[in-house]
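A.B. asks: Chains as they are written, first to last, in my numbering: chain A, 15 to 145; chain B, 15 to 145; chain C, 15 to 145; chain D, 15 to 145; chain E, 15 to 145; chain F, 15 to 145.
It should be emphasised that the hints constitute simulated quantities derived from the structure, not laboratory data.
Any given hint could be a false lead.
Chain copies aren't distinguished; within one or between two, either way the pair holds.
[What the hints assert, rightly or not] The calculated SDA-like cross-link candidates involving lysine to any residue, where the alpha carbons are at most 25 Å apart (straight line), are: (1) K20 to F136; (2) K137 to I24; (3) K20 to V41; (4) K20 to R66; (5) K45 to H97; (6) K20 to R93; (7) K137 to S38; (8) K137 to N101; (9) K137 to D42; (10) K137 to P67; (11) K45 to K137; (12) K45 to E138; (13) K20 to R72; (14) K20 to K45; (15) K137 to A39; (16) K20 to V135.
6 protein chains.
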Amino acid sequence: MNIPTKRREIGELTLSRITGGTGSAVVDSLKDIAPDLAEWVIDFSYGDVMSRPGLDLRSRQFATVAALTAMGTAVPQLRVHLHGALNVGCEPSELVEVILQMAVFSGFPSTINALNIAREVFKERGVTPAA
Amino acid sequence: MNIPTKRREIGELTLSRITGGTGSAVVDSLKDIAPDLAEWVIDFSYGDVMSRPGLDLRSRQFATVAALTAMGTAVPQLRVHLHGALNVGCEPSELVEVILQMAVFSGFPSTINALNIAREVFKERGVTPAA
Amino acid sequence: MNIPTKRREIGELTLSRITGGTGSAVVDSLKDIAPDLAEWVIDFSYGDVMSRPGLDLRSRQFATVAALTAMGTAVPQLRVHLHGALNVGCEPSELVEVILQMAVFSGFPSTINALNIAREVFKERGVTPAA
Amino acid sequence: MNIPTKRREIGELTLSRITGGTGSAVVDSLKDIAPDLAEWVIDFSYGDVMSRPGLDLRSRQFATVAALTAMGTAVPQLRVHLHGALNVGCEPSELVEVILQMAVFSGFPSTINALNIAREVFKERGVTPAA
Amino acid sequence: MNIPTKRREIGELTLSRITGGTGSAVVDSLKDIAPDLAEWVIDFSYGDVMSRPGLDLRSRQFATVAALTAMGTAVPQLRVHLHGALNVGCEPSELVEVILQMAVFSGFPSTINALNIAREVFKERGVTPAA
Amino acid sequence: MNIPTKRREIGELTLSRITGGTGSAVVDSLKDIAPDLAEWVIDFSYGDVMSRPGLDLRSRQFATVAALTAMGTAVPQLRVHLHGALNVGCEPSELVEVILQMAVFSGFPSTINALNIAREVFKERGVTPAA
């Protein structure tokens with residue numbers, strides 16, 4: 015309704031850079047059940063938060079992958095953001111490092127489960143972590 | 015007993031770079047209750063994991079701060095690793111960005127509670143996040 | 015063995031009102047592995063707790079859906095209690111509101127994952143959240 | 015910068031109804047470390063989410079108290095929202111019911127720890143749960 | 015009201031063996047806010063669950079200490095059950111082993127935080143883990 | 015590279031006793047994505063931690079099953095360690111007791127979800143919990 019153009023535009027741009035998708039795809043995916051959530055994802059998550067200038071997108075994706083690995087309750091989102099990390103220039107080997115590091119902080123199960131998702135994502139992309 | 019010199023030396027070096035502390039301080043802090051844990055912290059956490067060459071220490075600390083913020087169950091460790099992040103060159107404003115980003119992934123309470131710890135750490139260090 | 019008739023009867027009644035199922039179905043589903051758990055579910059969870067007079071069943075189901083959404087580790091139970099919420103008169107749109115609200119408290123992944131379950135439950139029931 | 019007046023006004027109103035506080039107090043509390051978070055709290059959390067018309071504020075607070083009790087990682091926020099629940103008309107005894115119900119879903123420790131916070135909140139307010 | 019004597023008696027006995035406390039102390043501690051919770055603690059937690067014959071109390075306390083360490087959200091309960099573990103014959107060194115083992119499953123912060131609580135409990139009891 | 019023979023040998027032995035598998039199988043399963051993790055699993059998790067003499071393997075597996083049940087985020091690992099528990103002499107009925115006990119500490123959903131995994135494991139093994 016009264017969404018400021020600027021948040022929407024900035025959000026769409028960052029959404030596109032990270033996920034490779036469009037705002038309208040987000041809107042479509044949620045319009046049957048919670049259309050306003052699509053606006054929040056675009057305007058708030060990608061517009062207000064992920065677009066902030068104080069940290070580069072590579073670092074932001076390292077942070078996201080670390081958090082989702084540690085939480086262990088966000089498998090679909092970890093998949094999306096591993097793709098997103100690759101989209102903004104993170105190397106597969108760097109993402110493996112972030113996930114391995116979580117063994118210290120949230121335990122080996124969280125690391126192993128996240129690596130299994132990373133393996134699938136890398137396979138879909140045809141990339142491999144350098145030895 | 016049979017700790018390889020190399021893991022210990024590498025671990026001590028990275029421990030020192032991140033926490034500013036020494037392995038012997040870790041050993042002292044745990045010798046009354048679980049002396050072997052001190053060895054694991056130095057040899058495994060700092061030696062095997064945090065010292066790996068594939069990711070820079072700044073990115074590692076972003077990942078750690080993100081994970082500990084999202085988990086919400088590791089206040090003393092979040093404090094240590096906010097100090098550690100500053101020690102390896104993360105800017106206060108960058109750490110605030112990582113913590114703010116967690117509002118999206120683990121919710122506002124996790125962000126607010128971590129910011130309150132960051133405020134204390136910044137105060138102890140006499141630093142402030144640039145506007 | 016010495017289960018008081020009253021807890022059992024009250025539990026069966028509330029179980030039936032919320033889940034639409036019978037105590038004997040619960041008993042059957044657990045008799046091969048942990049028959050006493052069936053008694054705890056009926057007598058304690060539904061009899062002692064969910065049947066208490068101080069809060070209406072609609073509010074109880076809002077609370078349950080909120081908690082299970084935020085926890086993110088109880089997918090089958092979230093499904094059961096979304097059905098249960100509809101059974102006791104919660105509107106689909108109200109359940110969407112409760113789930114959306116969790117974006118603030120436990121983050122967007124918890125909300126999105128719970129909405130995907132709600133979508134399936136609504137589809138099974140042939141209901142839709144009013145716009 | 016480009017915050018739409020409407021979100022801010024709506025957010026301030028709901029913030030005031032729930033917490034009894036003002037947006038400027040939120041702004042003041044965060045201006046030293048993360049001023050934009052104050053805007054997110056007012057505009058997004060209270061403006062976009064908690065102000066939505068599809069669910070009454072009492073039910074919203076039941077949902078929040080349930081989630082924060084189950085999470086167990088948000089003690090300051092549980093305190094704020096227990097006050098908030100009382101502010102929007104939840105009875106102390108109803109809040110006790112919501113917390114007790116969590117024993118089933120997130121275990122007895124989560125219930126006992128939340129009750130200890132509720133006891134403090136009730137004492138500050140001079141209210142008691144009716145028997 | 016209709017609490018079967020047997021659950022109460024069995025619960026009181028096991029409560030006494032584990033915590034060293036009495037049911038009436040539990041009742042007193044909760045009578046101002048949630049008197050029925052005291053009954054659930056005695057009758058359900060200690061009567062129905064912890065008193066079951068299929069597992070010895072030492073093993074039960076190992077399981078409880080492991081779970082509470084891994085959860086990281088139940089500090090007061092971890093304290094109670096470390097005392098309880100000592101009361102039923104667990105050695106301080108065995109409890110340290112259980113807590114150390116959690117480093118693998120839930121991460122180093124969970125282990126370190128639990129050890130700090132164990133240190134306080136051991137000190138209160140005047141015991142030390144054998145080297 | 016500089017892995018001490020002793021940690022590796024001890025780790026392989028305990029890995030074999032608990033999982034019935036070999037270190038080389040672990041190495042094979044991770045060599046495409048994170049070969050060093052295989053070394054950590056063998057040398058650290060099984061060599062340094064699970065092989066420690068201060069607690070018998072049965073008690074260790076009770077602790078692991080309790081923690082993984084309570085966490086609710088480690089389904090594949092819970093499966094592995096239920097098998098492991100049977101391998102080191104835990105009775106199916108004892109494992110059911112540990113899982114049931116978690117209803118008190120982490121809630122009924124955690125117990126029910128873990129029991130469903132235990133049922134599958136018991137079926138694969140052709141064992142049943144004694145009544």
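A.B. asks: Should K20 paired with V41 be assigned to within, between, both, or neither, using CA atoms and 25 Å as the limit?
C.D. replies: both (17 Å within a copy, 22 Å between copies)
A.B. asks: Could you place K137 and N101 in one of the four classes (within, between, both, neither) given a Cα distance threshold of 25 Å?
C.D. replies: within (15 Å within a copy, 34 Å between copies)
A.B. asks: Quick one: K137 to D42, C-alpha cut-off 25 Å, is that within a copy, between copies, both, or neither?
C.D. replies: between (27 Å within a copy, 17 Å between copies)
A.B. asks: One pair to classify: K45 and E138, alpha carbons no more than 25 Å apart. Within, between, both, or neither?
C.D. replies: This pair counts as between: shortest inter-copy Cα distance 18 Å, intra-copy 28 Å.
A.B. asks: At 25 Å max between alpha carbons, let me know whether K20 reaches R72 within a copy, between copies, both or neither.
C.D. replies: Classified as within; 23 Å inside a copy, 32 Å across copies.
A.B. asks: How would you label the pair K20, F136 (within, between, both, or neither) given a Cα cut-off of 25 Å?
C.D. replies: Neither: 34 Å inside a copy, 32 Å across copies.
A.B. asks: Within, between, both or neither: how does the pair K137, P67 come out at a Cα-Cα threshold of 25 Å?
C.D. replies: between (32 Å within a copy, 24 Å between copies)
A.B. asks: How would you classify K45 and H97 at a CA-CA limit of 25 Å: within, between, both, or neither?
C.D. replies: both (24 Å within a copy, 22 Å between copies)
A.B. asks: Within, between, both or neither: how does the pair K137, A39 come out at a Cα-Cα threshold of 25 Å?
C.D. replies: Both: 24 Å inside a chain and 21 Å across chains, each within 25 Å.
A.B. asks: Can you tell me if K20 and K45 fall within 25 Å by alpha carbon in one copy, between copies, both or neither?
C.D. replies: both (22 Å within a copy, 23 Å between copies)
A.B. asks: Using 25 Å as the alpha-carbon threshold, which applies to K20 and V135: within, between, both, or neither?
C.D. replies: neither (32 Å within a copy, 34 Å between copies)
A.B. asks: At most 25 Å between alpha carbons: which applies to K20 and R66, within, between, both or neither?
C.D. replies: So K20 and R66 pass the 25 Å test inside a copy (13 Å) and across (23 Å) alike.
The structure shown violates the earlier hints numbered 1, 2, 6 and 16.
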